[in-house]
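Undergrad: Those protein sequence lines, which keep their order, are chains A and B. Counting from 1, position 22 in the first sequence corresponds to residue 21 in numbering that gives the first Met the number 0; the numbering is continuous, with no gaps. Counting from 1, position 273 in the second sequence corresponds to residue 272 in numbering that gives the first Met the number 0; the numbering is continuous, with no gaps.
In case anyone wonders, no lab produced these hints; they're calculated from the structure. Check each hint, because a few of them may be wrong.
A few chain A residues that don't get close to chain B, going by computed Cβ distances all over 10 Å [claimed, not checked]:
id: 1; residue: SER22
id: 2; residue: PRO36
id: 3; residue: ASP52
id: 4; residue: LYS79
id: 5; residue: LEU82
id: 6; residue: GLN87
id: 7; residue: ASN113
id: 8; residue: GLY130
id: 9; residue: TYR155
id: 10; residue: LEU173
id: 11; residue: ARG182
id: 12; residue: GLU220
id: 13; residue: GLU281
id: 14; residue: ARG324
id: 15; residue: PRO343
For lysine to any residue, the following SDA-like pairs were computed, each having C-alpha atoms within a straight-line distance of at most 20 Å [unchecked claim]:
id: 16; chain 1: A; residue 1: LYS95; chain 2: A; residue 2: PRO76
id: 17; chain 1: A; residue 1: LYS95; chain 2: B; residue 2: LEU65
id: 18; chain 1: A; residue 1: LYS79; chain 2: B; residue 2: LEU126
id: 19; chain 1: A; residue 1: LYS303; chain 2: A; residue 2: TRP328
id: 20; chain 1: A; residue 1: LYS79; chain 2: B; residue 2: ARG297
id: 21; chain 1: A; residue 1: LYS106; chain 2: B; residue 2: PRO195
id: 22; chain 1: B; residue 1: LYS145; chain 2: B; residue 2: PRO245
Simulated restraints, written as ranges between beta carbons of each label pair [said to hold, decoys possible]:
id: 23; chain 1: B; residue 1: PRO92; chain 2: A; residue 2: ARG158; range: 48 to 58 Å
id: 24; chain 1: B; residue 1: PHE483; chain 2: A; residue 2: GLN16; range: 31 to 41 Å
id: 25; chain 1: A; residue 1: VAL65; chain 2: B; residue 2: PRO92; range: 53 to 63 Å
id: 26; chain 1: B; residue 1: PRO479; chain 2: A; residue 2: GLY38; range: 46 to 56 Å
id: 27; chain 1: B; residue 1: GLY455; chain 2: A; residue 2: GLU251; range: 51 to 61 Å
id: 28; chain 1: A; residue 1: HIS137; chain 2: B; residue 2: ARG474; range: 35 to 45 Å
id: 29; chain 1: A; residue 1: VAL179; chain 2: B; residue 2: ARG482; range: 26 to 36 Å
id: 30; chain 1: A; residue 1: GLU7; chain 2: B; residue 2: ARG94; range: 54 to 64 Å
id: 31; chain 1: A; residue 1: HIS137; chain 2: B; residue 2: ASP393; range: 52 to 62 Å
id: 32; chain 1: B; residue 1: ASP140; chain 2: A; residue 2: ARG158; range: 42 to 52 Å
On a predicted model such as this, the values are computed, not experimentally measured, just so you know. Built from N, CA and C at the ideal position, the CB exists for glycine as well.
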Amino acid sequence: MARLNVTEVHKRLGGNQILRGTSFTLEEGEIVALLGPSGSGKTTLLRAVAGLDHPDAGRIVLDDEVLYDGSAGIVVPAEKRSLGLVFQSYALWPHKTVFENVAYGLKLRKVPRNEIADRVAAVLGQIGLTGMADRHPHQLSGGQQQRVALSRAIVYNPRLILLDEPLSNLDAKLREEARVWLRGLIQQLRISAIMVTHDQSEALAIADRILLLDKGRIEQEATPVEIYERPKTLFAAEFMGANNRFSGQVAELKGERCRVSGDGWELWGRMRGDRKVGDRAEAIVRLEKTFLAEGPGENRISAKLEAALYLGERWDCVFQASSLRLRLWSPAAPADRPHWIHVPEGSLLVF
Amino acid sequence: MARRIPWARLSVVLVSAVAIALPLVIVIYQAFLDAPFFQPSAKLSLSAFRFVFADEDFHRAVWTNLILAFGMTAIAVPVGSAMAFLMVRTDLPGRSWLEPVIVIPVFVSPMVLGFGYIVAMGPVGFLTLWWQQHLGPIPWDIYSLKSLVVLAGLTHVPMVYLYTSSALRSLASDLEEAALTAGAGTARVALTISLPMVWPAILSSGVLTLFLGFELFGLPLVLGDPQGLLVLPTYLFKLTNKLGVPSYQLMAVVAVVIIAIAFPLVWLQRKLMGATSRFVSVKGKGQASRPLPLGRWRWPATGLMVLWFIPTIAVPLAGVFLRSVVSSWGEGVNLTEVLTLDHFKELFEYPNVVRGIVNTIVLAVVGGGIAVACYAAIGLAAHRWQSRWAKVLDYLVMVPRGMPGLIAGLAFLWVFLFVKPLAPLRPTLFSLWLAYSVVWLAYGMRMVSAALLQVGPELEEAAASAGASSGRIIRDVTLPLVRFGLVGAWLLIFCIFAREYSTGVYLLGPGTEVIGSLIVSLWGSGALDVVAALSVVNILLVAVGMGVALRLGVRLHG
């Protein structure tokens, strides 16, 4: 059975309904990412699990222990939940050394002094901070601070580890390295983890499963591959990746195949929603699945080049096709002549 | 382009330097004379020092003062910082309306509080009588040193509270939440995370309390007198009559001793304040601060607040109000039968009391406004001035901090006697205004600089690059932006000036009566009915100022 069960959690904050009956589970050793735009309630959900915010209703159960039950009036305070939390700002205590920061949770658990020293040294070694124990947080780089924050959260073997935007304060290059390292570490520790992030590539890279939240509801819950390639809703399709969007009408339906048409264009795609012939529909295609073609053909649209921005490894091109504005990535600068844009039928998702 | 000499700024430096240094210089000069400075026979000498240092009473006063200062600090610091933590970082019930209540002792004259303690808890006080009737013998002696230390400690809790709470306010919640998730309870979080992080602020408020202990005048005057307990300022006050002739040189020596104790402490406190801001600049990502849950400690914590509130505020204020509306009191008197408003009517029979009330209002409203204007001028002179003169000004405004009101009043009396062109101003409100403004300079500057710091430098730089001169920038950008802060400063200075009592003691004369110094002198003459009524008037006056300030949302903390 699942380690963590969050059921129908509701939370209101100052007139705003932040969580509207959110439910999810977390399996043993699994990394789940709570992904969503700001205001989607993902941080509130994490804080509810941590016990820092209390929901108005719902139920949170960890390993058969009820942490929160709105109807039974059970609220286990944060300090009694034995979870590890890594803050976005790291929240390292500036008046304590690295050692004291990490040892704090062990000291509270009345671990003998020499065992504390051993365990802190072991964690710092595992995390690549050997020799830093006597430094104060301000003497560390951002990446090192992030590691100390993680050490502090895992040293006392918490039942769960919660990460609030753990990589967002690192610069871009460091962040990419930290992704690999963080996923590796969590797997090595065989610990279950919940990570809040607004950065989809972070979620895709680190998580085993992604919970996509919008306006306090779970929009889709799936593996990274599934959620990116087979989004269930328009919101999920649009939130992930960079996309072109076509607003039109369903002209023809053949099973899953459907033809969408608009002002001066028509394209075949896959029906992902429940639209019928004649309904208004939105079609989405990822930029990396939008191509330049040599000449006219099926699922191609004639377009005029508007702008091309050089991004180093590729060109980001904007085209104008009758009423549509389309973007695509091209390895070379497109010539200044009429173009055709090809959208593969399997990549066009219709909602 | 040739560097222009900033005449406007330099003249502000000069004027404030004269106003600050003159009284200080004159006190030190007088201490090294063997007679009052206006006597032609006065010569440089150490005889005054010899006399004072040989006086038994002086030794006792120093000793008592040390016990008082350290004792009250030992009470005020733990209670004040615990209350600051509870108020700022936890979900204590009633936090929003408690804050103005906590700072009441800052705005009520210690003379009034002391008077309140006596009428409530003295040998025939209201509370004493009630206690004896219902609970047996009273466990306190209001005139003992122990009571003085405890009451001074309790009334200085707000000082520690103000400094510690403003440091705690800038602490990021996530630092505490990190400890909470690591398994620490709220009390543990306070002791291992929150309070250690604001340690410099707590320490600096401790140093502040310590040196306020050497300035304490009203409480020891009222409570220490019957048993002959003297501290340095009351010793100084009693010296006036000791030899029968004006013994200015002896008073100056005591003043120099007090200043010599206060200055290093002021300097230390300032250093520590500097450390505070460096320490707490670690705020996380501007998220709102979330209160820590007190859980089952909710009610014990509330109990602590009430336990402080009753003896510190409720008892003395109730005593003063009650005393002002009864014609007689004591054992066997039924209070409901002796209720009267006669004492208030009596106030109008004394022309000097009427003048005192009018003077206090004028001084607090008009004088307070002019004082804030002067503070603003000093603040603006130093504002974004890359010069070592700005640093000089910065230190200069700290100097009056080390000069207690009583001594500053004495020093300004001498200034007006000594500097002949100023002599005609002595019996006018100007002399009082100058003394008040200098005494409260450091306090006022804190508020003004806090307001000026709120103005982002880029707003002024934008005006400069659009072509505005520095004068125009101040007029068009800076002043309009700090307007609200200055109004707030005016209201708080109004309260402070209305409350002030010790500065006016030596400047008291026909034409310069104010409520505060009148209470001191009427207390000495035993006119308790008038003192009670005047105290109530004083409290109401300050309450009006505080009410308006709170209404406008002026922050009472720095």
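Undergrad: Each hint needs a verdict: does it hold in this structure or not?
TA: Structure-based check of each hint:
| no. | hint | verdict |
| --- | --- | --- |
| 1 | SER22 | 23 Å, holds |
| 2 | PRO36 | 17 Å, holds |
| 3 | ASP52 | 8 Å, violated |
| 4 | LYS79 | 8 Å, violated |
| 5 | LEU82 | 6 Å, violated |
| 6 | GLN87 | 6 Å, violated |
| 7 | ASN113 | 20 Å, holds |
| 8 | GLY130 | 24 Å, holds |
| 9 | TYR155 | 7 Å, violated |
| 10 | LEU173 | 18 Å, holds |
| 11 | ARG182 | 22 Å, holds |
| 12 | GLU220 | 25 Å, holds |
| 13 | GLU281 | 35 Å, holds |
| 14 | ARG324 | 35 Å, holds |
| 15 | PRO343 | 42 Å, holds |
| 16 | A/LYS95 <-> A/PRO76 | 25 Å, violated |
| 17 | A/LYS95 <-> B/LEU65 | 35 Å, violated |
| 18 | A/LYS79 <-> B/LEU126 | 46 Å, violated |
| 19 | A/LYS303 <-> A/TRP328 | 15 Å, holds |
| 20 | A/LYS79 <-> B/ARG297 | 18 Å, holds |
| 21 | A/LYS106 <-> B/PRO195 | 17 Å, holds |
| 22 | B/LYS145 <-> B/PRO245 | 33 Å, violated |
| 23 | B/PRO92 <-> A/ARG158: 48 to 58 Å | 33 Å, violated |
| 24 | B/PHE483 <-> A/GLN16: 31 to 41 Å | 35 Å, holds |
| 25 | A/VAL65 <-> B/PRO92: 53 to 63 Å | 27 Å, violated |
| 26 | B/PRO479 <-> A/GLY38: 46 to 56 Å | 35 Å, violated |
| 27 | B/GLY455 <-> A/GLU251: 51 to 61 Å | 60 Å, holds |
| 28 | A/HIS137 <-> B/ARG474: 35 to 45 Å | 41 Å, holds |
| 29 | A/VAL179 <-> B/ARG482: 26 to 36 Å | 55 Å, violated |
| 30 | A/GLU7 <-> B/ARG94: 54 to 64 Å | 33 Å, violated |
| 31 | A/HIS137 <-> B/ASP393: 52 to 62 Å | 26 Å, violated |
| 32 | B/ASP140 <-> A/ARG158: 42 to 52 Å | 58 Å, violated |
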